[in-house]
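Undergrad: What follows is each chain in one-letter form.
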Amino acid sequence: MFDVVVVGAGPAGSMAAKTCAERGLNVLLVEKRQEIGTPVRCAEGISKKALQRFVEIDKKWISAEVIGAKIYSPDRTEVTMAEEMAGNEVGFVLERKIFDRHLARLAAKAGAEVLVKTTFLSFERVGDRLRVKLKRMGEDWEVETKILIGADGVESRVGRMAGIIKTLKKSEIESCAQYLMSNLEIDENYTYFYLGNDLAPGGYAWIFPKGNGCANVGIGVLPSIAKANAKFYLDKFIEKFEIKGKIVELVSGAVPVYGEVATAVTDNIMLAGDAAYHSDPITGGGIANALSAGYHAGIVASEAIEREDFSANYLRRYDELWKADFGWKLRRNKKLQEFFLKLDDETLNSLARSIAGKNIRDTSIEAIIAELIKKNPSLLEILRSFLSP
Amino acid sequence: MAKKAIVDRRKCAYCGACVAVCNLFATELVETFLEINENCNGCGICVKVCPMGALSVAEV
Numbered sequence: 001m002f003d004v005v006v007v008g009a010g011p012a013g014s015m016a017a018k019t020c021a022e023r024g025l026n027v028l029l030v031e032k033r034q035e036i037g038t039p040v041r042c043a044e045g046i047s048k049k050a051l052q053r054f055v056e057i058d059k060k061w062i063s064a065e066v067i068g069a070k071i072y073s074p075d076r077t078e079v080t081m082a083e084e085m086a087g088n089e090v091g092f093v094l095e096r097k098i099f100d101r102h103l104a105r106l107a108a109k110a111g112a113e114v115l116v117k118t119t120f121l122s123f124e125r126v127g128d129r130l131r132v133k134l135k136r137m138g139e140d141w142e143v144e145t146k147i148l149i150g151a152d153g154v155e156s157r158v159g160r161m162a163g164i165i166k167t168l169k170k171s172e173i174e175s176c177a178q179y180l181m182s183n184l185e186i187d188e189n190y191t192y193f194y195l196g197n198d199l200a201p202g203g204y205a206w207i208f209p210k211g212n213g214c215a216n217v218g219i220g221v222l223p224s225i226a227k228a229n230a231k232f233y234l235d236k237f238i239e240k241f242e243i244k245g246k247i248v249e250l251v252s253g254a255v256p257v258y259g260e261v262a263t264a265v266t267d268n269i270m271l272a273g274d275a276a277y278h279s280d281p282i283t284g285g286g287i288a289n290a291l292s293a294g295y296h297a298g299i300v301a302s303e304a305i306e307r308e309d310f311s312a313n314y315l316r317r318y319d320e321l322w323k324a325d326f327g328w329k330l331r332r333n334k335k336l337q338e339f340f341l342k343l344d345d346e347t348l349n350s351l352a353r354s355i356a357g358k359n360i361r362d363t364s365i366e367a368i369i370a371e372l373i374k375k376n377p378s379l380l381e382i383l384r385s386f387l388s389p
Numbered sequence: 390m391a392k393k394a395i396v397d398r399r400k401c402a403y404c405g406a407c408v409a410v411c412n413l414f415a416t417e418l419v420e421t422f423l424e425i426n427e428n429c430n431g432c433g434i435c436v437k438v439c440p441m442g443a444l445s446v447a448e449v
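Going down the list, the protein sequences come from chains A and B. The numbering used here applies: residue 1 is where the first sequence begins, and numbers increase by one. The numbering used here applies: residue 390 is where the second sequence begins, and numbers increase by one.
If you're looking for bench data, these hints aren't it; they were derived computationally from the structure. Keep in mind that this is a model prediction, so the values were computed, not measured. Where a beta carbon is used, it is the ideal one built from N, C-alpha and C, also for glycine. A few of these clues could be false.
Said to hold, decoys possible - Only part of the chain B face toward chain A is listed, based on derived beta-carbon distances under 8 Å:
| # | residue |
| --- | --- |
| 1 | 397 |
| 2 | 410 |
| 3 | 412 |
| 4 | 434 |
| 5 | 439 |
| 6 | 440 |
Chain A on its own, in the form it takes in the complex (with noise of 0.2 Å):
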């Protein structure tokens, strides 16, 4: 009998595990895979201080620090969005491999049990308590458990199994492809964003530098408006910016672009990070708020179970936490996105023009829409009407 299961050994369940572990309870940490990490299915990015919130920066995971990052409308004009000077970094491109492992490793050390090779099948409601069907190695396994977390990324089974969440429409999911190359050169102080309908529908093109010459290219299109696969326009972006490297690994995945869930949780279960939809609209990104839910996923389960209350109604208290802390920037960035999913490439040109040259001293989504509305006065009124609820 567990207090917690946590199905998923992402950034989301290790901290999961993790915050669980250290207040004491009762925790098994299970992943599908037989190694955790790999393959990876990200581009890496992240910014300082997200990180630093959840987990002392180890350098032994950090593969590249960079000071801003450099967005290129579809004519190729330049935004950098920067610290003053290198030196002072505000992100990082990670080495999930490592990564995912460490915080793994930090769970099992606070005293989560981690099993890897484990998958999820189902779970049937006992009481006030839950069965949760695995397959380890190959072989069936039942365990009961108060809690369930499903941190079990975009194709999560918990969430849709328990009915918390729908499944993704392929205007809500990003499909993307990603090399990581060698032997390049470019200026490994910042990450690079390339936009255009053409160049990435519904989506964008990156380079984030990982150190040595090497940086994850990358593309992520949304399937509802693009022609073809991912893929497809990877190479079409590589081919047409002539980025001459060596392709030495291959990277797929898919990322949720839906904004906010009404909720998170269901009786006994929570949900966190990927299988949640909680990363972000505009950028893609996952790692932050996946650290953040599986932190806050952990300490109200450690709550709800002191009280012996694992009602959805006690759970609920997950939801205004993640919400208060990041819920209210997906919803945001959700509007921003469907607003940005409305602009053809002369707009996007036209918009990069007036802001090219301005030293954007701060690498936010906020930051950049200041910046616009402040050059384009009416903006405001469009962005006003796109962002009333």
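On the provided structure of chain A, position chain B as indicated by the hints.
TA: Only chain B this time, still in chain A's reference frame:
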């Protein structure tokens, strides 16, 4: 004859994008092996979201 999704394992990069959008739970990723079960009705949404172009719908 019925329509069903089929996977080209030499193209599949086992990311699970197809699992995420299938509301019939017809696709399942077992390590690097994508299984498509009898729940599949050939709707083709997985074909649209597959980043690699590894999926197609065929008459079986």
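Undergrad: Can you give the numbers of the hints that this structure goes against, from lowest to highest?
TA: Violated hint: only 1; rest satisfied.
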